[in-house]
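Could you build the full structure based on these sequences and the hints that come with them?
Chains S, B and F, in that order, are what the protein sequence lines are. The letter at position 30 of the first sequence is residue 76 when you use our numbering, and the numbering goes up by one with no holes. The letter at position 106 of the second sequence is residue 275 when you use our numbering, and the numbering goes up by one with no holes. The letter at position 161 of the third sequence is residue 779 when you use our numbering, and the numbering goes up by one with no holes.
Any given hint might turn out to be false.
What the hints assert, rightly or not - A few chain S residues that face chain F, going by a derived Cβ cut-off under 8 Å, partial list only:
{"#": "1", "residue": "109"}
{"#": "2", "residue": "111"}
{"#": "3", "residue": "158"}
{"#": "4", "residue": "161"}
{"#": "5", "residue": "181"}
{"#": "6", "residue": "187"}
{"#": "7", "residue": "417"}
{"#": "8", "residue": "482"}
{"#": "9", "residue": "484"}
Claimed, not checked - Listed below are several chain B residues computed to face chain F (Cβ distance under 10 Å; list not exhaustive):
{"#": "10", "residue": "181"}
{"#": "11", "residue": "187"}
{"#": "12", "residue": "195"}
{"#": "13", "residue": "198"}
{"#": "14", "residue": "200"}
{"#": "15", "residue": "202"}
{"#": "16", "residue": "229"}
{"#": "17", "residue": "230"}
{"#": "18", "residue": "286"}
Calculated from the structure, these hints are not laboratory results. Quick reminder that beta carbons are idealized off the backbone N, C-alpha and C, glycines included.
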Amino acid sequence: MSTQYPALLVTIPLLSGFVISAAGWLNRRLCFYIAVIALAGSAFSCFGVLLQVLQEGHVTYHLGGWDPPWGIEYYVDYLNGLVLVVVSTVALVNLIATKRSVEEEFQEKIGPFYTLYAFMVTGLLGIVVTGDAFNLYVLLEITALSGYGLLGMGKNDRATLSTLNYLYMGTIGACFYLLGIGYLYIVTGSLNMRDIAQILPSLYGSKAVLAAFIICLVGVWAKMAFFPFHGWLPNAYTHASSAASSLIAPLVTKVMIYVMIRLMLTIFTPAFTFSVAQLSKPVVWLAVAAIVMGGIFALAQRDLKKMLTYIIVAEVGYMVGGAWLGNRAGMTGAILHILNDALMTLCVFLVAGNIVYKVKGCAFDDLKGLMRKMPFTMGAFVVGALSIIGVPPTCGFFSKWYLISGAIQAGQYAFVVALLFSSLVNVVLFFRVIEIGYYEPAGSHHGHEHHPEPMDEAPLTMLVPLFIVAAGLILVGLYTGDIVNRIIELAIPNGIV
Amino acid sequence: MEDIVQTVVAKYNYWIYITLMMMGLYAMIAKNNLIKKIVGMNIFQTAIILFYVSIGVKKGATIPIIKALHGHHEAINPAEYMNPLPHVLMLTAIVVGVATLGVALAFAIRVYNRYNTLEEDEILSQIRTKTEEI
Amino acid sequence: MKAIGFVIVLLTGGFLIYAAADFPGWGDPNSPASLHVSPYYLENTVEQTHVPNAVTSVVADYRGYDTMFETTVIFTAGVVCFFLLRTLLRKEPEDRLYRHVLTGVTIRVKEGKLPPSEEFERIDTTWTPHDLIIKTICRLLVPFVQIFALYVICFGHYSPGGGFQGGVILGASIIVYAISTDLRSELQRIREKTDALLSAFGVFLYAGTGALCLLLGFNFLDYHALAPILFVNRVMARSHGIFIVEVGVGIAVMGTMIWIYSVLASRGHYDEGL
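So this is what it looks like as C-alpha cells:
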C-alpha cells in the first residue's frame, strides 16, 4: 500500500467529498466526522510520501498504468513533499478548530460546506503533487470553484460582490495559464512537465516560449494576488465566514507561489528563467511595490481581518521577490517562507475566528479589553505577531534572514529596504492591536476597585488547535536548520548559484 | 512584405481567435453590468477553446475514429487522422467553462436579491452610503 | 475604466499576436503537436483498449484522471449553486393566487387560508398560461430524446459521443419537460434529493472504479485490474472500464444539469418558477 500513497492522498478527500454530500442529505451529524477521518488519512499519506522522498530522492506514480508522456504522472520531489505536508496539516488543524463556528454559521448547510471543504483540499493537494501541466489546470479550477462557494457564503452582505470580483480575476488568471500551456503545447507537443523541460532547451530563442512563460506567470500572479492584480484579495477574504477564510487565506496563495516556483525551476529551467528571460529586475521591483503598498494600506485599516489580508499581500511580495532574486539564499527564503507563512497566517486567522465567535465582530473597537477576557487567544496572537514581525526564535525571523541575505547577495538593495520597512510597519500594526487589547472597555469601571473582566474564553476545541499552531511556529523556527539542510537545499536544482 | 503577407495568411486562425479573446477580455474589464461581464468571460473562455481545437487540424485528415477494426490490420497512418489530444483537453475546458458560468450566475442572482440592481456603479454607491451611515 | 481597458486589451492582444509568429501554420501535419505524443494514441488505441474512437480512449483511459476531476468540477458547481442560493427555511407567502381551472378566473387568498374548493389550482406570480401545443409536443419528444442520449453514451466507443455529451442530452430532456409544463410538476417527478444523490453517485462511480483498481493492487484507474472481476482479457477489461466510467459521467452530468437549472430558475425557493 505504501507505493500508493501519492494516489491515496488525493483520492481519499475526493471520495469523502461525495460521501459527505450524501450524508448531508441523510444524516447531518456525520459530515464532520467523515471529513476529519478523510483529512487525517490524507495527512498520513502526505507524511508517508515525504518520508519516502527523504529516503529515495523522488517518488513517481503513473496514473492509469500508462507511462509518461502518454499518461498522467505524479512526480514528488523535495519541494512537493514539503508543501504537501504543510497543506494537509493546515487543513486538518483548521477543520478541527472551526467546528463550532461552522455549526453556528451554517446550520442546515453543513453538508455542502464540508463537501466544498473536502474538494478544496483535494484540489490543493492535487495541484502540489501533479507532474502534468494540464492536470494542474483542472485542479486549479476545482480549487477555485470550491473557494468561490466557501467565500461567497458569509453572513456579511458584502461577501457576494467581493467573491464575484474574485471570480472574474480568478477566471482570467486560470484562462491565461491555460493559454500559456497551449502555447507550450504548440511548440513542444507535450503536456508532461519534465518532458517539456527536456524539449524546450533547443527552443529557448523562440518568441513563443518567452511569451508562454510570461502568460503563465501573469495567470499565476492574478491567482495569488501579486501586485498589481491584488485588488480582489482584501475584500474577498475579509467578508467571508471565519471558517472559510482561515482555510483559504493560509493555503491558496502559498500553493500558487509553489506553482510559480515549479514553472521557474522545473518546466523552464533556471538557465532560462534567470538568464534568457531577463525579467528578474522588473519582477523584484513589482515585489517591492507589493510589500510597500501592503504595509501602507494595512496601516490605514480599522478592522483586524482586513489588516491581516493586507499583510498577506505584503507576504506574497516577499515570496515572489525572494524567488526572483536569482540566488540560492533567496530561493531558500521563498520556499521556507511558504511553510512559515502558512503557519503564521493560520495562527492569526484562527485568532480572528475565535474573536468573531465570542465578540461577534473584529473591528478595533471590539478588541478593547480582550487581553483580560481571552488571555489564551491573545497569547497565541502575540506569538503569531512576533513571527510576522520576524523576531527569533519564531520561524518568521529565519525566512526573513534568508531573504535579506539573498537580496544583499544579488545587489537588490530596494528589496532589503522594503523588507525592513515591512518589519517596522508590522511592529506598529501589531503593537497597536495588543495595546487596544489592554484598554478597559469604555465606561465600565471608574474608581479604585478595578474588577478585572471575567475570563470568557473560546471553547476548548477552538483553543487547543490554536496552541498547537502557535507551538508549531516556535518549533519550526528552532528546527529551521534541519529543514533547510535536509529538504530545501535539495529541492533547488543546481543551476542556481 | 511577401513574408508578412505569407505569415498572416498561413496562420489566420490564430489572429481570429486572439481578436475574439481580446473582445471577451475587454467586456470583462470595461463593462459595468454584471451580466455583460459574465458574457465577456464566456466569450474569452470559448475563444481559448477554439484556439486549442485549431491546433489539432491537419490538411486532408479525417476525424480521429480509426477505420481499421475487427480483422482489417492495415497500418494506421497518423497523418490521416486529426490530432485527438486538443479535443480531449477542450472537453475538459468546456465543462469547466459551463461550471464557472453556473456559479457566476448564482452569484449574480444573489447580488440582485440583495441590491435590486445589476449595475456595478449603483451597487458600489449603495455600499458606500451604507458604510457612511455606520 | 473603458480607456484603461482598451489600452490593456490592445497591449495584451499585440503581445499575443507577436508571439504567435513562431507558430506552425494552420493544418501543418509536421507541427510538433502532431508529431510528438498524439501519434502514439492513434496507433495504439485499438490494440491497447479495443476502442476505435481515439478521443474517447484518451479521455477515459490515457488521461482518465483529468476526466475524473472534470466531473468533480461539474458536481462542485452544482453544490456551490445549491449552497449559495437555496433557502431551506421557507417563509410561507402571505397572499397566494389561485386560478379556477374551468373558467380561468384568478383569485387572491390572504394569509394562508385555504381556497374555496378543489377546483382551484395554485399559481405563482410569474405564471403563464400553458400552451397545449408546446406541452403535447414536448411530452412526445422526451422519450425519443432520452433514447438518443442513451445511444450517445453507449456508442461513445465507435462514433462521436461519450459520457458528457449523453449526460447533457439526458439533462436537457428533463429541462425541456420543466420548461414546457412547470418546475413544480418536474420536481414532483424528480425530487431535489434524488438529483443531488444521483450526481454524487455518478462521480462516486468513476472515482470508485479507480479506487477499486487501487485496492486490487494496480495503480489508480488502471483498468487492467478489472479483468478478473469481469472475466475478460486485459484489453477488453480496458474497454469495459471505459464504458463503466462513461456511464458514471453521464449520470453525474445529468443530475447536475437538472440540479443547477432548478436552483437557478427558482432562485433557490423551489416554490416559484416557471
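Status of each hint after checking the structure:
no.: 1; hint: 109; in the structure: holds, 5 Å
no.: 2; hint: 111; in the structure: holds, 4 Å
no.: 3; hint: 158; in the structure: holds, 4 Å
no.: 4; hint: 161; in the structure: holds, 5 Å
no.: 5; hint: 181; in the structure: holds, 6 Å
no.: 6; hint: 187; in the structure: holds, 6 Å
no.: 7; hint: 417; in the structure: violated, 37 Å
no.: 8; hint: 482; in the structure: violated, 35 Å
no.: 9; hint: 484; in the structure: violated, 40 Å
no.: 10; hint: 181; in the structure: holds, 7 Å
no.: 11; hint: 187; in the structure: holds, 5 Å
no.: 12; hint: 195; in the structure: holds, 5 Å
no.: 13; hint: 198; in the structure: holds, 4 Å
no.: 14; hint: 200; in the structure: holds, 9 Å
no.: 15; hint: 202; in the structure: violated, 13 Å
no.: 16; hint: 229; in the structure: holds, 8 Å
no.: 17; hint: 230; in the structure: holds, 7 Å
no.: 18; hint: 286; in the structure: violated, 16 Å
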